[in-house]
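S.K.: The primary structure of each chain is shown beneath.
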Amino acid sequence: MQPVILPTDFTITEPQVAVMDSVEGEIQPQEVSSAATESGSSSIEVKVLFFARARDITGVGHMPLQVSAGSTACDCLDKVVAKFPSLAEIRECMVLAVNEEYAPGSIIVEQGDELALIPPISGG
Amino acid sequence: MASSDGAVDDASRIRREIEALKNERSDIDRQISDLETQLRGLQSKTEVVHNDGLAAHGLSPDLIYRHSRHLMLPSFGVQGQSKLSKSSVLVVGAGGLGSPALLYLAACGLGKIGIVDHDVVELNNLHRQVIHSEEYIGSPKVESAAAACLKINSTVLITKHQEALRTTNALDIVSKYDIVIDATDNAPSRYLINDCCVVLGKPLVSGAAIGMEGQLTVYNYKGGPCYRCLFPLPPPTTACQRCSDSGVLGVVPGIIGCLQALEAIKIASSVGEPLSGRMLLLDSLSTKIRIVKIRGRSSQCEVCGENSFFTPQHFKGFDYEKFTQTPLSVAPVKLSLLTPDFRITAKEYKQRIVQGEAHVLVDVRPEHHFKIVSLPNALNIPLTMIEQRVGDISSALKEKQPNSSGSSPHLYVVCRRGNDSQRAVQLLHKLGFVAARDIIGGIESWAREVDPKFPTY
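The listed protein sequences correspond, in order, to chains A and B. In our numbering, each residue's number is its place in the first sequence (first place is 1) plus 1495. In our numbering, each residue's number is its place in the second sequence (first place is 1) plus 28.
Think of the hints as simulated: they come from the structure by calculation, not from any bench. One thing to keep in mind: the hints can contain errors.
[Claimed, not checked] Which bits of chain B does chain A cover? Going by a derived footprint, with three or more residues having C-beta under 8 Å, they are:
id	segment
1	191-198
2	230-237
3	306-312
Just so you know, even glycine gets a beta-carbon here, dropped at the ideal spot from N, CA and C.
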């Protein structure tokens, strides 16, 4: 099957293509095609947003994160903590939100989701 | 010539006069404030009489004129204003968040405002705590805030609680108000205020700000979640940030404080939808405001959950400082990690400079702190960089090595307050610099004990 690359807001009915459709940024046809053929072990990209102390620790406001399809928010967090070990200290007190909505760690993330890590702020 | 002596005399005479006048003024302020309170008492009695002949909303002609722009708002109107005038709000903390919140609450026509704060106004508060002014430096924040509120609106009833909120006084104070605004700056106060509001069934408008970011949520409102539903575990001490340690752009708590006033006014007047079950995140760097839908009330919540038995008695016995591992008082933590042999006072260090002792001084504060002010000839290696920059320390020591057979140069470490310097010395000992010592109390003690003109921040 030829990989079909569609513009981001294109309305489509074919669900298999929809997954590929929402890949942000520069799309590399080879990668997309391999992801599409290996169903089950394909990788997706989520955007991780860092707030407050989490932003201080990572030094960035957000970053793209590649995880395998079917990963949970918790799996994403594991990956991020592996990259920024200092995040471990606030891991247990952070609120997780997927697409601006509270989410338990067990929620499955989808391609293009925004995962926000929100530690409490105490200052005033 | 005696001209410089004369100038010194003049300056101290003027200072004394200013001091005397300031004392006089605060006496007069107090008298005015007492008289105004008396007058309000009399007015409210006469207003009741007048109001018999007025419309049922009970707003006096003066109040109708003062709040006319509220009354003309179709969605707010007489009903909203009337409810406001019968409501009371407690603002805990008259700092960066409390300042704008209090100013708007005083202006809006609330019936009663309570202010809790144990602190005094300091010069380094004024960049964000806009309710206070220079003339109140050294005075209690509750006095300064109450005076500013009454200047805007002499008809509002203000109660000053010049104390920190603790388990011993919180139930008593909070029970006197309808709505609570958390405008504090520390984790234990946030849990304490939340729990107290749950126990007493009061809605809580919680705001926070640090650096360039702010957060806002309404807790414990009509079955919505409480602070503990969202944050059952407090952040570790190391992750606790205060404006006094981390810095904050003044207008950020200003924005959040204004929003807190807005939410309190909405709740008090039963207008609109309060920010319950949602959290507002302000990112001032990118000017982005996100509203995140947060969880509902947690059935597992230790304080408001279904199986919770958190009573006023539990509240009184709960140790919030232990729970959050953070003291309620604003005094910064003083660590004691080193034995006295590995520490010297700022005065001793000064003597060693005067004696010309060969040494290297490492300042372990972050670079942006070092840029504010530093001791002469200090080498800036932030605490987090020490291991990577061991070579720099070694070569600095080598440079100071006397040519003769004199003893090897000493290694001293300094930070802002004397905590990180101890951590750094421990690390340096492990790295082989076994004689490293720290300066007790950091550059703050240098400013206190050696050079009063040395800037502090």
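S.K.: Evaluate each hint against the coordinates.
M.R.: Now the hints, each set against the structure:
no.	hint	verdict
1	191-198	violated (count 0)
2	230-237	holds (count 3)
3	306-312	holds (count 3)
The earlier numbered hint that this structure contradicts is number 1, and it is the only one.
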